[in-house]
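For the record, the sequence lines run as chains A and E. Take the first sequence: its position 195, counting from 1, is numbered 194 in numbering that gives the first Met the number 0, and each next residue is one higher. Take the second sequence: its position 82, counting from 1, is numbered 81 in numbering that gives the first Met the number 0, and each next residue is one higher.
The hints are simulated quantities; they were obtained by calculation from the structure and are not laboratory data. Backbone N, C-alpha and C define an ideal beta-carbon position, used for all residues, glycine too. It is possible that some hints are incorrect.
To be verified - One-sided and incomplete, this derived list gives chain A residues near chain E with beta-carbon spacing under 10 Å:
id	residue
1	Pro73
2	Val76
3	Asn88
4	Val173
As the list claims (entries may be wrong) - Covered by chain A, according to a simulated footprint, are these stretches of chain E (three or more residues, beta-carbon under 8 Å):
id	stretch
5	183-191
6	197-205
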Amino acid sequence: MALLRCRGLRKEFGGHAVLDHLDLTVAEHQVVAVIGASGSGKSTLLRCVNLLDDLDDGTIELDGEDISDPRVDPDRVRRRIGMVFQAYNLFPHLSVLDNITLAPRRVHGRGRAEAEAQARELLDRVGLGAKADAYPDRLSGGQQQRVAIVRALANSPRLMLLDEVTSALDPELVGEVLAMIRDLKADGMTMVLATHEMGFAREVADQVCFLDAGRVVESGPPGQVLGEPTQPRTRQFLRRIIEAGRL
Amino acid sequence: MTLLDQVPSEAQLRRSAYRRRQTVYSVLVAASSTAALGTLLVIAVTGAPGWNRVRRSFLDPEIARDALPTVLSGLWLNVRLLACCAVGALLLGLVIAVLRTLRGPVFFPVRALAAGYTYTFRGLPLIIVLYLLTLGVPGLRLQGMPPVLVLGGIALVLTYGGYLAEVFRAGIESVHSSQLAAARSLGLTYRQTMRHVVLPQAVRRVAPPLLNDVVALQKDVGLVSLAGPIDAVRAAQIATAQTFNYTPYVVAGVLFVLLAIPLIAVTDWVTLRAARRQSGG
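Please take these sequences and the hints and turn them into a complete structure.
Here is the structure:
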């Protein structure tokens, strides 16, 4: 059964369509990589699914429920979706532990001891147990992004949205974040990731969607979309990626 | 920084010696220029034709000693009033700033009232607010009217609350929208986002200008004496009227500066700490 189903999504900014009748279906436990040039609508798609941006048309269903209905409480929807941002967006005034336990305690009403125990366990699992009491500005970019992923996981989300989570990282720090996403896939987490890491998309994704001008131009298994693309726009995009040495 | 067991090179030794010489030279220059300017000022003031008369009527040590107890007890009123008004104005400013950020049509009247308040009380001179509250309001002859001192305090809180609200609002707006997106994506409501994510960052960022306004309030607290209560300025005025000598005012002025020093030192310390936190990444 489809966990997420987007139909005919349209989003305009100043008369310019950023999403243009976009369709996307994500099955449970599936990993979908959304690729495309900057400005092709990848981030906007993820923000719309998380109801951070309002749609101009189309519907989004999560677990069969129409979450694009304006009568739906967006806070309730977002509890089921975890989102990780390109710039980490950790809260600088809170320690790593408080960053992670904020939502479990305030949104899900867990006790401090229970929430902290869960947070420490998650941190230990990704090798950041020693950083629990540190503040974000004392962490490397890779560590911050892993904390941001843990923060999203602490809500036990049904779906994870990862918005170019390695784009702001130094090259030698990308690996530790990708390893964490690999583990998430192994745990069966459903994920939509907007990414420029074509090699990683090929390895981890069950489905690759190439976005251009707010539309899904080509979609399918990674071997097909990245190896034998049928659309001229996809081929052109991949050629430029190869020229840049990123594939 | 060189490690302890590391022997500096010939070039580094020459550089260190040169820097030491430069430091000694700078200290000597600063000391002599300060001494020169000080001497010039003393000569200019004490050499003025009316210096002896001014010294008698403004700097009489005997009158200063006599006036000190009453001025000091007046200052105690200033201190208590400052403490209450600072807390009141900070709370009012914070509430008004948060009200101005509320979205949605339901809150339109609240937003409009809060905006109208900051426009009115930032424009209205404090003296007029004081007179309206301490002379006008008692004229209504309502039951349970608070004493003039409380009314004067309310005037101060209303005026300073307007300024502090704008400082808080600037702090709230300086928190980047990505922080709101992160908080909302975790399922936090707007209110929880404000309470746990936006306000803590905003208040930290604007702490230096907030404290600066409290220092300004410290001086304006003396204006309640216009309505009758005997604070330090009023006590000095009474003493002056008795002796026909202005020394009590100078006493009050010195006490006000002494009172401000710790507050200003705290402000500087908070500002420095904020600047360090910004630069230390």
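Cross-check of the supplied hints:
1. With 10 Å as the threshold, the beta carbon of proline 73 of chain A comes within range of chain E, its nearest partner Cβ sitting at about 8 Å, so the hint holds.
2. Evaluation of the valine 76 of chain A hint against chain E yields a held restraint, the C-beta minimum of about 8 Å falling below 10 Å.
3. Checking asparagine 88 of chain A against chain E: minimum C-beta separation of about 4 Å stays under 10 Å; hint holds.
4. Proximity of valine 173 of chain A to chain E is violated relative to the hint, the smallest CB-CB distance being about 20 Å (cut-off 10 Å).
5. With 7 residues carrying a beta carbon less than 8 Å from a beta carbon of chain A, the stretch 183-191 of chain E meets the three-residue requirement, and the given coverage holds.
6. With 3 residues carrying a beta carbon less than 8 Å from a beta carbon of chain A, the stretch 197-205 of chain E meets the three-residue requirement, and the given coverage holds.
The structure fails hint 4 only (numbered hints given earlier).
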